[in-house]
Amino acid sequence: AQTVTQSQPEMSVQEAETVTLSCTYDTSESDYYLFWYKQPPSRQMILVIRQEAYKQQNATENRFSVNFQKAAKSFSLKISDSQLGDAAMYFCAYRSSRSEKLVFGKGTKLTVNP
Amino acid sequence: DGGITQSPKYLFRKEGQNVTLSCEQNLNHDAMYWYRQDPGQGLRLIYYSQIVNDFQKGDIAEGYSVSREKKESFPLTVTSAQKNPTAFYLCASSPRQGPSNQPQHFGDGTRLSIL
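Protein chains in written order, with the working numbering: chain A, 202 to 315; chain B, 499 to 613.
None of these hints come from the bench; they were simulated from the model.
Misleading hints may appear alongside valid ones.
Cut-off 25 Å, straight-line C-alpha distance, at most; resulting in silico cross-link-like pairs (DSS-like, lysine-lysine) [stated by the list, open to error]: (1) B:Lys568 x A:Lys310; (2) A:Lys302 x B:Lys512; (3) A:Lys274 x A:Lys256; (4) A:Lys302 x A:Lys256.
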């Protein structure tokens, strides 16, 4: 079964600085999708960024970018110019192209210090 | 605006009681999902449905039941067989996925507690 591991239960960053959240996953498949979701204190899950495994180019969405290393099965999230509103739980998720099921990591709690 | 509506926001269950959590979407999505979130845990899949009148068990289906009589609605019943129901429950929907990177969209959640 596929698993997703987020090794950093908590991280902190100074406002305007850059932070990287780690995510590794285990799969024997070659075609899959990876996602980062943000869960602020309101508890709503918000999609931050997504990556297709067949694409070598790393996805970017404004201040958010990923470092996708397929051979290493690593999918880290970089947040540049951190803002107070970035404070939240961040979840990494995996989905096989042959399945409807999302597999989530346990999350990383990000604190942004003013 | 299109979205997913979960109700109620807070729910309390007595011992031996079944309770039903509502999830409605107006995004015209085919697939719907129920997740459970416990403190310090990621989301775990309870049930999912890809089309009306069809659904599949997720990883932690025991003690739960669902129905999918309408495309827009996917209610979750927490039965008395679920011995530890206290958790935050999230409903999600998406277009049919398969070989597509379509993300799942989430509701605001229901917090269920035992009285």
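Point to revise | Non-conforming hints, listed in increasing numerical order | key: Violated hints (numbers, rising): 1 and 2; every other hint is consistent with the structure.
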